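With chain P fixed as given, assemble chain E onto it according to the hints.
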Amino acid sequence: MSLIVLGINHTTADIAVREKLAIGERQIPVALDRLVRIDAVAEAAVLSTCNRTEVYAVVTSLSDDPEDLLADFLAGWGEAPRHAFDGHLYCYRDGAVATHLFSVAAGLDSMILGEPDIQRQVKQALEAMQSAGAGRAVLNRLFQDALVAGKRARTETGIARGASSVGAVAVERATQIFGESLAGRTVLVLGAGKMSEVTAKHLQARGAPAVLVANRTYEKAVELARQFGGSAKHFDELPQALTAADIVVCSTAAPHPVVTRTLIKDAMRARHNRELFLIDIAVPRDVEPAVGDIENVYLYNIDDLNQLVAGARQARAGEMARAREIIDEAAVEFLRWRRSLEAAPLVVAVRDKLAALRLAELARLRSRLPGLTDKEWRAVEAAMEALTNKVAHPATMAIKQCAQPDGDPGAIDTIRRAFGLDGTAAGEESIAAPDGVELPLEAVAVIDAGSKQRKDGG
Amino acid sequence: MAMESGFLAAAGIGYLVASASYGAHILVREPRLALCGRIAAIVGVVCHTAAIGVHCATTHHTPFTTPDETLSASAWAIVLAYLALDLFFRQPALGAVVQPIAFLCLFTGAVLHRARMAQPMQPPRDIDSGMINLHVIAILFAFGLLVLAFGCAVLYLAQHSMLKKKRSGSLFGKLPPLATIDQLAFGLVAFAFPLLTIGIIAGAIRASGGGFPHGWAVDPKILLSAVTWVVYGVYLGLHALAHWRGPRANYLLIGGLLIALATYFAPTGVHRFG
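So the sequence lines, in the order shown, correspond to chains P and E. Take the first sequence: its letter number 210 is residue 210 in the numbering used here, and every next letter is one higher. Counting the second sequence from 1 gives a position; the numbering used here is that position plus 1000.
Isolated chain P, as found in the complex:
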């Protein structure tokens, strides 16, 4: 069984290629159904966001090339030839899958480092997989561990701290002046530019209920005010609007400042010195720079905001190393669990094999030595059981050692070969009775139990 992910993201392909492989939220159950119908696919999950489409799968040994298998699936889904995605797809296997998904969940793989939405999308992928019945032990655990690792990376490091857009910086600063909730605060949008609209939406999302819009063209002000559920003002009502507002977003196309120091000084007097936050995103500037010197007035222009955005992004990047440590730690833990999952059926198989041989030998002896008393038989049985246990013990210890993260995974194959389990998948071992002697019922029962456990565990 191998764990594999095949995907495409914003770093390997542009939108024109990515959109061909996009799997919409409603299409995910269909995609999962198609995936699990493939014989070699034991488990499957799909993570599809605007920046990536990734297919996670646990593939059995029935397939020689799992990567090829998933690439065919994706090409089929995109209804395009395989070569259309040459050089755009990436593939990780086993331990690297965990490291990759955990990084994705932490937002380390996102366009905006540490962005929070990816955590929800990973959770959605897990839920879709569970409701489609496409995941079992491995992928369930992988996605759950990814959510935990992502959350840890976000809370224990600064990768998610700091605003990463002009709108977010404006909100961050506003909350430092007025409080976490902007409820009860009034936003004045000066000019009807797209950027001021976006910024005002950010502020309104934080609870600022009242939005006033003032524009030279009154009709435009009315239109924008309707979008916000606010009220439109004529441009000559600006002094009154400045008295009422707490936050002012300016983005007019005026060639000279429209908000002057005198205007704000008068407004501050009228508003009893309440704090005023001015966000000037217009170029040329709408607000006279000297306004920033007035007490209780906080003025930010577009350069100030862009600098803060750049600073926040840089600070987040500095936290990446710490986040990577958390992710590596979680990936090692996942690997340890996965190895133990693989080791358990092998331990059972070795013990089953020895038990079957013991029972077969006992059956043969019973036919050859009919004169032994019950007491003598019990002694022979005990001796053979002790012998097989002594052989099984070091083998079990060696398998457990291999299951450790620093263990040698290749040694598992050696042990498998040494016990004649080579080349057989879990549940497929054939144990033939020596010399054609029919196995007693107990031996069959032990083998059946072993096989069942193997199926459950694998």
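Calculated directly from the structure, the hints in this document are not laboratory data. Since this is a predicted model, take the numbers as computed values, not measurements. Glycine is no exception: its CB is placed at the ideal position from the N, C-alpha and C atoms. Treat the hints with care, since some could be wrong.
Listed next, the in silico BS3-like pairs over lysine-lysine satisfying Cα-Cα at most 30 Å (straight line) [said to hold, decoys possible]:
hint, chain 1, residue 1, chain 2, residue 2
1, P, K375, P, K390
2, P, K265, P, K194
3, E, K1165, P, K265
4, P, K194, E, K1165
Chain P is faced by these chain E residues, among others (derived, beta-carbon under 10 Å) [stated by the list, open to error]:
hint, residue
5, A1002
6, R1090
7, Q1159
8, L1163
9, S1168
10, W1244
11, R1245
Derived list of chain E stretches under chain P, where covered just means 3 residues or more per stretch with a C-beta under 8 Å from a C-beta of chain P [what the hints assert, rightly or not]:
hint, stretch
12, 1173–1186
13, 1246–1259
For chain E alone, coordinates are given in the frame of chain P:
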């Protein structure tokens, strides 16, 4: 005596741990650190209360008959006022400013106490009268609240400076919002001012009641206490009536506490301490 010292040492450790925890909380914003600070402050104030109780039971005097005892009692009042505030407004950043002040008061009190114990003991004068107790208790709690207002002013000015300079330093986003901290400071002074007034009036009544030399009213300590009262009165008046807020109002709060401290340490010919 040993029991009182033990409780005081435990209180000191509690205040120190609270200072460190609140300070670390500001830097790393880990909620468990704020909880640790709160628990340490509670343990500290409980031990401090026990020490005061033991002191009263063994000496049969109030716990503010000497300058060192008054400093220790000030620490107790500051932490008690902070914890009371913390019940309604969770402001661990304020804890990071006021807990170290409380610890310093307790520590300085302990150092002064040790120095005093090396000198021959003087029997306390007539200091346990009802009016003196009212004077000291009212001023102690007013001082506790004014230290909190001072803490608010420090936080306000730090936040204001970061916002004006458009910086995103390591403290940004970890201090309370300006509007919140300004209202909190005003509320604290509004509570402290009547207590300060009662304390000063009680002291004046006691002084005019006899036993004080003529001209006690122009003693430097008495005069400075009047200046302190005026500064906070001006702050309240300007804030409420002239809408004074922002850095100027907060500088006034810082100045007010400095004058209050100067009052405490000012030389005096008539007051008990100094």
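Going back to the hint list, which numbers does this structure go against?
Hints 5 and 6 contradicted; others consistent.
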